[in-house]
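Peer 1: As you go down the protein sequences, you meet chains A and B in turn.
Residue numbering for the first sequence follows numbering that gives the first Met the number 0, beginning at 0 and increasing consecutively.
Residue numbering for the second sequence follows numbering that gives the first Met the number 0, beginning at 0 and increasing consecutively.
The set of hints was computed from the structure by calculation and includes no laboratory data.
On a predicted model such as this, the values are computed, not experimentally measured, just so you know.
The C-beta atom is built at its ideal place from N, Cα and C for all residues, glycine as well.
There may be inaccurate statements among the hints.
No more than 30 Å apart at the CA atoms, straight line, and that leaves these computed lysine-lysine pairs for DSBU-like [said to hold, decoys possible]:
1) B:K617 x B:K465
2) B:K617 x B:K492
3) A:K66 x B:K465
4) B:K138 x A:K106
5) B:K138 x A:K325
6) A:K149 x A:K325
7) B:K109 x B:K162
8) A:K66 x B:K578
9) A:K106 x A:K275
10) A:K139 x A:K149
11) A:K52 x B:K451
12) B:K559 x B:K578
13) B:K451 x A:K66
14) A:K66 x A:K110
15) A:K110 x B:K138
16) A:K231 x B:K451
17) A:K295 x A:K231
18) B:K617 x B:K487
19) B:K451 x A:K275
20) A:K139 x B:K248
Label pairs and their in silico Cβ distance ranges [unchecked claim]:
21) A:A46 x B:M500: 56 to 62 Å
22) B:M123 x A:P296: 49 to 55 Å
23) A:S329 x B:P527: 38 to 44 Å
24) B:L440 x A:A46: 58 to 64 Å
25) A:A46 x B:P590: 55 to 61 Å
26) B:R380 x A:G141: 57 to 63 Å
27) A:G303 x B:L50: 51 to 57 Å
28) A:G186 x B:P112: 21 to 27 Å
29) A:G258 x B:K434: 43 to 49 Å
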Amino acid sequence: MKLTAKNFTTFLAGALFATAAAAETELTVYTAVEAEDLARYAETFNASHPDIKINWVRDSTGIITAKLLAERDNPQADVVWGLAATSLLLLKSEGMLEGYAPTGVDKLDPKFVDNDNPPAWVGMDAWVASVCYNTVEAEKNGLTPPTSWKDLTDPMYAGHLIMPNPNSSGTGFLDVSSWLQMFGEEGGWAYMDGLHENIARYTHSGSKPCKLAAAGEIPIGISFAFRGAKSKAAGAPLEIIVPSEGVGWDMEATAIVAGTANLEAAQTLVDFTVTKEANEMYNTGYAVVAYPGVAKPVEHFPEGLLDAMIDNDFEFAANNRAAILKEWQSRYDGKSDPKN
Amino acid sequence: MSVLSSTSNKLPEGPVVKGKLSRDDIMMRGGMMVIALYLVITLAFPLYAMLSKSFSTYRMELSQYEFQVSDEDGVFDGTILTGAQLNRETGAYEDLELSTGSDGRLPVTKFFPDFSFRSPVMYMVRNTAAGGRFLVGSKLHNDLEWVTLDSNTFRRVQLRPVKATGVDNFVNYFSTPALFNSIKNSLWIAVISTIVTVTLAFWFAYSLNRSCMRYKGVFRLIAMAPILVPSLLPGIALVYLFGNQGMIKELLFGASIYGPIGIVIGSVFFTFPHAFMIISTALAISDARLYEAATSLRASPWRTFWTVTIPGARYGLISAAFVVFNLVITDFGLPKVIGGQFNVLAVDIYKQVIGQQNFEMGAVVSVVLVVPAILAFGIDRLVQSKQVALLSARSVPYQPQPNERVDRLSLAYCTLVAVFIVGILAVCQFAALIKFWPYDLSLSLNNYQFDKMDGGGWGSYYNSIKLGLLTAVAGTAIVFFGAYLVEKSNGFKLGRALFQMFAMLPMAIPGMVLGLAYIFFFNNPSNPLNGIYGTMAILVICSVTHFYTVSHLTAVTALKQMDREFESVSASLKQPTMKLFTRVTVPVCLPSVLDISIYLFVNAMTTVSAVVFLYSPKTSLASIAVLNMDDAGDIAPAAAMGMMIFYTNAAARIIHLLVSKGVLTRTQAWRTR
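Can you build the whole structure from these sequences, using the hints too?
Peer 2: Below, the structure written as structure tokens:
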């Protein structure tokens, strides 16, 4: 009897130790996903994989990208879950991503999967530019709602527009790169010259223009649809406008950082990110997700957004990023100096 | 060595005493070396790493690439062309265009004037040196193999730069007007803020020191309040006051708060206590005999003011001006929150590093920013060294006489300033409690649900407290011990002078620059200290080093009260110096030790710029959360977190006050006989 009890204790201790050891796998996950969604993502993942703990590093797209590039020679992250595909392309071109074809990747829309074999990254959802329009403040200022990007250059909107600085915001860069693609190189810069006349100031983050529009600080914010829908749901007098020329978009994607010490856990996580379950989870905030047939309409989302998404060339965006940002800075950054 | 020490100390040379002394000397010098080493590793090496980074450029080494072009049928004739050759022949790129950032890319189709992506011509490309890099689309090729591509794919080839050394970054910087403008902006803002702050602080200090107005203690407390909050908090308050939905925006008559006006008002708020403290000290010591002389000479009050008061306080005024100038020009949080499109140097560093991942250019702007900061610091030191004691043994301390008009005026003026300071804080607290400004003014605690906000949860608040405590404990130990060794060890003049210089240097280094320098130094994989990157340790080290100078000066001042004879006496009593240190020196200096701790704690709680590049997931901080929440547009939660920092620091101050009182009555009884 005594022997069994002892065996039992040993077994129990062993089991305890085993769970402790298994629970010890911690993944450092870099992300640019909105903070309020992160807890939910981790919870859903941990429901099926309680043994892997996620340590989030959350910051805006630009900052996370900078962090990853700075740590190029000494990566701190194991996985990037939810970063712009253009940023991941930058990392890929530095040889920083570990190619991996997650189980079930073939079920995704191929548009959302890197075309290398094995893919360096897989997409989660699309994140689409939009205009947030505060109806209360606009009426106070006697504005009429714009219907296109070109409308926004109307002198009527002078000082009533705000957009993110592409030098520090992924959303800002997405706007600029989509205008350059839609209007052509020359047309794009000419358009931005006109737009610049109306811009009150440039913000550092992509969600701030919409939040400022929601707060009535500035009537019109160039931001993204998801943020607009959230602010509207929170009770802001917002209208989300989809410009008629089409809207730029980027996708949030997932990748494994090359050199991770926790490759197996990282692969488990990435396997999860392409599942139907995960895509249903993304759908709470995003109208367009990688898994076909999952997307249900999101409350307050503008209509026709899907059709308005332009045929985005991510490679163009990634490879010309440095040049575009330099040009943008020399044209508009600090240009508000009264003399210029 | 022993000869040196004994001559400087003029001790009678006895064999036994000398032996004891030497051992202590060696120990003290060893200790000094350890702390000097600490400063070298945490200050000199990182700054050097940053300086070398500013000269590290990226260049397209065209000679490292070889190309082959086929004929229309796709057959190669074996002619190999290098990139350099092609560029010479076609003149596709100018020399300066080939210098770029780490992120630079160069398309190659310009090398082939007849290039058409529809043509059947094939192209081959390869690196000739190991480690050369080019992209086909986003696929990296860094081996020496030939890659054969059709025309349509060949246009997706992008060359990548290699590292080089040179002044290209500086040339680029000074030829980019958008960046160059910031120097002018920064200087201008700093000068205006300095003039306004020093003027306001002077009259405030004057009222408190030279009038008999009431409630002096209250005003003194209020004047110190801004030191307890991060510099970006006034920016947030100004948005609520003067923004487009501001409560009293009419007062700006249509001018925008986003820009120089906002930066100046905010800067005045957060630099006010610093200027006030220095000027108040200068005004507190003055010789009443000079005023008596002025009165008996029948000088008008106005004349007395300009001939007696101002000259007496001039060193304080100059010092205050330089401190304010340095604080404003190196501050990053405030212009980021309220600067609008008005670019300043500190924000440029942030944008270069965070936005464009251009670390080299960030280093260049840092070098540019250090120049005015070091200059201001150097001039201040020079002026201070000329200062002579104003108060001699025969001086009679000045006592203000009641004067109803002056007292009432002083009270009115101080009230105005106090309303400004309290008002800014009150607006932040109000903003934090409003549900949805300006559409839903009901009160709620929603904004305190930090875990749901972008930028940092409650965890970051606890991290900040941890950082504050660790910085206070470790910092006080390092600083006080270092100051003790410098002040009390014998001989070794050169070493002590060098140490003094090192201890003064952190004052001149902007936090932003220090933080960036730490990335370059500590995140280098070949650095054996690489392990501390991303931990709480690097934040503590950065904070201790950043706030070293003021703590060091406080410690030195305290130690100067103790006669060096104590050491000699203990030596002749054959007591080890360390015993003297723990039994006498530390207890005597305890009030200053506590002052240093609270100074370090408060500053570690509020600092943004020094740690903005260094925090990691596990070590996010409250002050950073304020920045990030504001950045994401969550302005009310940012105000809420800022006020949490304020209350924490205020509580720490109160505890410090109580502890100091208790300690003073216990250990300082000897001061009163």
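Peer 1: So, for every hint listed, does it hold in this structure?
Peer 2: These are the hints, each one checked on the structure:
Of the pairs offered as hints, the one joining K617 of chain B and K465 of chain B holds, with about 12 Å between alpha carbons and a cut-off of 30 Å not exceeded. Only pairs whose Cα atoms come within 30 Å are accepted, and K617 of chain B paired with K492 of chain B is rejected, the gap being roughly 44 Å. A C-alpha spacing of about 24 Å is found between K66 of chain A and K465 of chain B, which places the hinted pair at or below 30 Å, so the restraint holds. Taken as a hint, the K138 of chain B and K106 of chain A pair is honoured in the structure, with Cα atoms around 24 Å apart against an allowance of 30 Å.
A distance of roughly 23 Å separates the Cα atoms of K138 of chain B and K325 of chain A; the hinted pair therefore holds under the 30 Å criterion. Distance hint between K149 of chain A and K325 of chain A is fulfilled; the C-alpha atoms sit about 24 Å from each other, no more than 30 Å. Restraint check for K109 of chain B and K162 of chain B: satisfied, since their Cα atoms lie roughly 23 Å apart, inside the 30 Å limit. Distance restraint check for K66 of chain A and K578 of chain B: the Cα-Cα separation of roughly 48 Å exceeds the 30 Å cut-off, and the hinted pair is therefore not satisfied.
Our distance criterion of 30 Å between C-alpha atoms is met by K106 of chain A and K275 of chain A, whose separation comes to about 9 Å. Restraint check for K139 of chain A and K149 of chain A: satisfied, since their Cα atoms lie roughly 23 Å apart, inside the 30 Å limit. With a CA separation close to 19 Å, the supplied pair K52 of chain A and K451 of chain B stays within the 30 Å bound. Only pairs whose Cα atoms come within 30 Å are accepted, and K559 of chain B paired with K578 of chain B is accepted, the gap being roughly 19 Å.
Of the pairs offered as hints, the one joining K451 of chain B and K66 of chain A holds, with about 23 Å between alpha carbons and a cut-off of 30 Å not exceeded. Restraint check for K66 of chain A and K110 of chain A: satisfied, since their Cα atoms lie roughly 27 Å apart, inside the 30 Å limit. With a C-alpha separation of about 18 Å, the suggested pairing of K110 of chain A with K138 of chain B holds against the 30 Å cut-off. With a C-alpha separation of about 17 Å, the suggested pair K231 of chain A and K451 of chain B falls inside the 30 Å cut-off, and the hint holds.
Between K295 of chain A and K231 of chain A the alpha-carbon distance is near 18 Å, which keeps this suggested pair within the 30 Å criterion. Under the criterion of a C-alpha separation no larger than 30 Å, the hint pairing K617 of chain B with K487 of chain B is inconsistent with the structure, at around 41 Å. Restraint check for K451 of chain B and K275 of chain A: the C-alpha separation of about 26 Å stays at or below 30 Å, so the hint holds. Restraint check: the Cα-Cα separation between K139 of chain A and K248 of chain B comes to about 16 Å, which is no more than 30 Å; the hinted pair holds.
The supplied range of 56 to 62 Å is met by A46 of chain A and M500 of chain B, whose beta-carbon atoms lie about 59 Å from each other. Between M123 of chain B and P296 of chain A the CB atoms are about 51 Å apart, so this pair conforms to the stated range of 49 to 55 Å. At roughly 42 Å, the beta carbons of S329 of chain A and P527 of chain B sit within the given window of 38 to 44 Å. A C-beta distance of roughly 40 Å is found between L440 of chain B and A46 of chain A, which places it outside the suggested range of 58 to 64 Å.
Between A46 of chain A and P590 of chain B the CB atoms are about 56 Å apart, so this pair conforms to the stated range of 55 to 61 Å. Separated by about 58 Å at the C-beta atoms, R380 of chain B and G141 of chain A satisfy the suggested range of 57 to 63 Å. The hinted range of 51 to 57 Å is satisfied by G303 of chain A and L50 of chain B, whose Cβ atoms lie roughly 54 Å apart. Evaluation of the 21 to 27 Å hint for G186 of chain A and P112 of chain B yields a pass: the beta carbon distance comes to about 25 Å.
A hinted range of 43 to 49 Å for the beta carbons of G258 of chain A and K434 of chain B is consistent with their spacing of about 47 Å.
Hint compliance for this structure: hints 2, 8, 18 and 24 are not met, and every other hint is.
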